[in-house]
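Novice: Residues per chain are reported as follows:
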Amino acid sequence: MVDRALPAICIYCWIFTIILFPATAMSGCGDGKTFCIGLVTDVGVIDDKSFNQSAWEGVQKAGAELGAVIKYMETRDAKDYEQNIHMFAKNNYDVILTVGFALGEATIQAAGKYPRIAFIGIDQFQAKPVHNVAGLIFREDIAGFKAGALSSMLSKTNIIAAVMATDLVPPVAAFQKGYKAGARYINPDIKIISSFHPGGLDASFTDPEWGASTAAQAIAQGADVVFAAGGLTGNGALIEVAAHRGKYCIGVDTDQWFTVPSARSCLVSCALKQIAPAVFTLIKLAHQDQFPEGNYYGDVALSSFHDFDKKIPEKIKQDLLEIESRIKDGRITISADE
Amino acid sequence: MILLLRSFLVPAGSVLLAFLTGGILLFLSGSHPVEAYIALFQGAFGDLSSISRTLEKATPLIMNGLAIAFALKAGLFNIGAQGQFLFGAFAAAVAGFYVQAIPSVFHIPLAIFAGMTAGGIYGLVQGALKAFSGAHEVITGIMCNYIAINMTDYLVNHPFRDRSPGNIVARTPQILDTSRFPDVAGIPLGFIAAIIAAILVWWIVRYAVFGFEIRVVGSGINAARYSGVRIRSVLMGTMLISGALAGLGGAVETQGVVHRFQPGFNTGLGFEGITIALLGRVHPLGIIPAAILIGAMKAGAGMMQFSAGVENEIIDVIQALILFFVTADVILQKMLPGIKWAEGERLSLSTGWGGNS
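So the protein sequences, as listed, match chains P and S.
Okay, so the first sequence: first residue is 785 according to this note's numbering, each after it adds one.
Okay, so the second sequence: first residue is -13 according to this note's numbering, each after it adds one.
So here's chain P without its partners, still in its complex pose:
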């Protein structure tokens, strides 16, 4: 008898608790005093060692400095972008960050619906400025230029290589263009073996075998520095180069010293998009009511040399600083064509 009644009892308890506990208390966002920052990831996890994580680091720093409430939502299903943004907006968050190009449309839509909230769209180019949306984007050509210059300085054979994902993606094409320009800026006669993955958008970022074999080919042709840009494809190239003694490789986007540890034996540096500091700055601007609309360019830089720091001659470090300042004051411009 007890057995038979068990499910029913459980259901009663269940309904009872639902009635007993009303909605959980809110955090005080929107009361005019508490500053709240929310972040919506692209499909994936927050500690992805890539864009989600970098953006969240920026949010954490801003949160600590401003004493703000911070929270993130991991997106599980691409159909939930809107809903996840809405979750923060409904709870009167002051700043909402959305990570990745794919959330661009949902971000613009939410911005129209909630004109008082500041939206930061990471990697979202703003074709038409909206007053409460800042698209955080990066000059990949400048990042590539720095990587190219470093490659050129490191190369002893005067042959360097770039292994890239598809040029259908504008940032990848920009990386390559900048890389060539940077390499030629140091040495106009350098030979650059540059290859784009022949596949489409889906395959070209997830083909480490192609990345590895292309890098191996370039090395066979005499290249001694390889720049790899393109998700897993690029990682494949980095790992391949690591297997060749005395060759250098350069990574991209985040500091791949931490994301691809198996490439450490060749990884001199990475062409970084500095997401965290840019996110921090944008949030502070929003807090001071000086939120910029339209596109906001984050800094790009070469990462720390890590273990190679002692092997890199002081001369090269000086030259890189010089290039940095020349780019800043406009003495170096990267032309639209190669």
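Do not take every clue at face value.
[Unchecked claim] A few chain S residues that face chain P, going by a derived Cβ cut-off under 10 Å, partial list only:
#1 G29
#2 A87
#3 P89
#4 D139
#5 N153
#6 I154
#7 A209
#8 S213
#9 E239
#10 V243
#11 G250
#12 F251
#13 T253
#14 A285
#15 E299
[To be verified] Taking CB as the label site, the calculated pair distances span:
#16 V829/P / M137/S: 22 to 32 Å
#17 K975/P / Q86/S: 30 to 40 Å
#18 M137/S / F1042/P: 36 to 46 Å
#19 I1100/P / S35/S: 50 to 60 Å
#20 N153/S / G828/P: 19 to 29 Å
#21 N153/S / S1109/P: 32 to 42 Å
#22 K833/P / M137/S: 29 to 39 Å
[Unchecked claim] Which stretches of chain P does chain S cover? Using the computed rule of at least three CB atoms under 8 Å from a CB of chain S, they are:
#23 851 to 861
#24 865 to 871
What the hints contain is simulated information worked out from the structure, not anything from laboratory work.
On a predicted model such as this, the values are computed, not experimentally measured, just so you know.
Every residue gets a Cβ at the ideal spot worked out from N, C-alpha and C, and that includes glycine.
Based on these hints, arrange chain S on the given structure of chain P.
Specialist: Here is chain S on its own, set in the frame of chain P:
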């Protein structure tokens, strides 16, 4: 009536057990299970918009559940539903943005028809392979799923790519407003379509001659052959209808939710249809509450993450547990021995493997 209630026992008991086990997991991971489940419930049914979202999430699950259940009636395990769903979603998108300047009254059904045809034909291919060569539908289905994924990836990246400025991802253009589903009194139109489809399928299986033939084939190929059923036509017809149902699910998803075809937006929905079909005891009408339950869990997961801080992977775990308890119903019967279980409470999944013609 009592018989009907009994057939609910296994699914209801499984769901309960799964939530209890999930609650223990939540507790062990440091969250408050009651708080988490309340948030889940509020996210799924808390207000009108969340109810509408629950129904929206349930809709493709009903369609895919029907597709799987319908094929199971003939002893076929249509694991290719995912591929049929993708082609349906894609075809509806193409019809949605390619065909221009016709009123909604024609455009909406046209896009639906395109989706059903695409899914149906793809299902028919797998049915024909089974009927004429004896190739097992599970194997061909898995292969066909890969073909569908890569084919649609290619199609949206090249011939049907969204060429609007600023777009850098592979996706089709947005479908026109005339092909989008409106909401009827706050309920997504797709959900209404799904209910109608479920009733139709139930009627076919129960009362139509074809439905009878399907059940005969499902209960034994040899007996069916002996009693003069044209087995090949039945196998092909079943897969055609099953594929059309999955394709309809894809079309509804495109026209009602996504409004374009984009790879990565419909992953896993076809496979979740299997969960739904089993949870609904392979009964066309049982699939509706099963889909609403899983749909509610998907819709409420966001709220659970937001206000209870629970990683939403727990939803996958609970779903997997439900499926586990439903299929391993012996566990349930051992745990609750006092209950008189309905006769024939065994799921006849095995026929899907024995049906060599």
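Novice: Evaluate each hint against the coordinates.
Specialist: Now for the hints, and whether the structure bears them out:
1. G29: Cβ of G29/S sits 9 Å from chain P, so the hint holds.
2. A87: With Cβ-Cβ at 25 Å, over 10 Å, it is violated.
3. P89: With a closest approach of 26 Å, the P89/S hint is violated.
4. D139: Because about 5 Å separates D139/S from the closest Cβ in chain P, which is inside the 10 Å limit, the hint holds.
5. N153: holds, 9 Å
6. I154: Given a least distance of 6 Å, the restraint on I154/S holds.
7. A209: Since the shortest Cβ distance to chain P is 38 Å, the answer is violated.
8. S213: violated, 42 Å
9. E239: Result: holds, 8 Å to nearest chain P Cβ.
10. V243: Hint on V243/S: holds, closest Cβ of chain P at ~6 Å, below 10 Å.
11. G250: holds, 6 Å
12. F251: For F251/S, the interface hint holds, since the closest Cβ of chain P sits about 5 Å away, which is under 10 Å.
13. T253: holds, 9 Å
14. A285: Since the shortest Cβ distance to chain P is 8 Å, the answer is holds.
15. E299: Status holds, d = 8 Å.
16. V829/P / M137/S: 22 to 32 Å: holds, 29 Å
17. K975/P / Q86/S: 30 to 40 Å: violated, 51 Å
18. M137/S / F1042/P: 36 to 46 Å: holds, 37 Å
19. I1100/P / S35/S: 50 to 60 Å: holds, 59 Å
20. N153/S / G828/P: 19 to 29 Å: holds, 21 Å
21. N153/S / S1109/P: 32 to 42 Å: holds, 36 Å
22. K833/P / M137/S: 29 to 39 Å: holds, 32 Å
23. 851 to 861: Answer holds; 5 residues pass the 8 Å Cβ test.
24. 865 to 871: Since 3 is at least three, the answer is holds.
In summary, the numbered hints that this structure violates are 2, 3, 7, 8 and 17.
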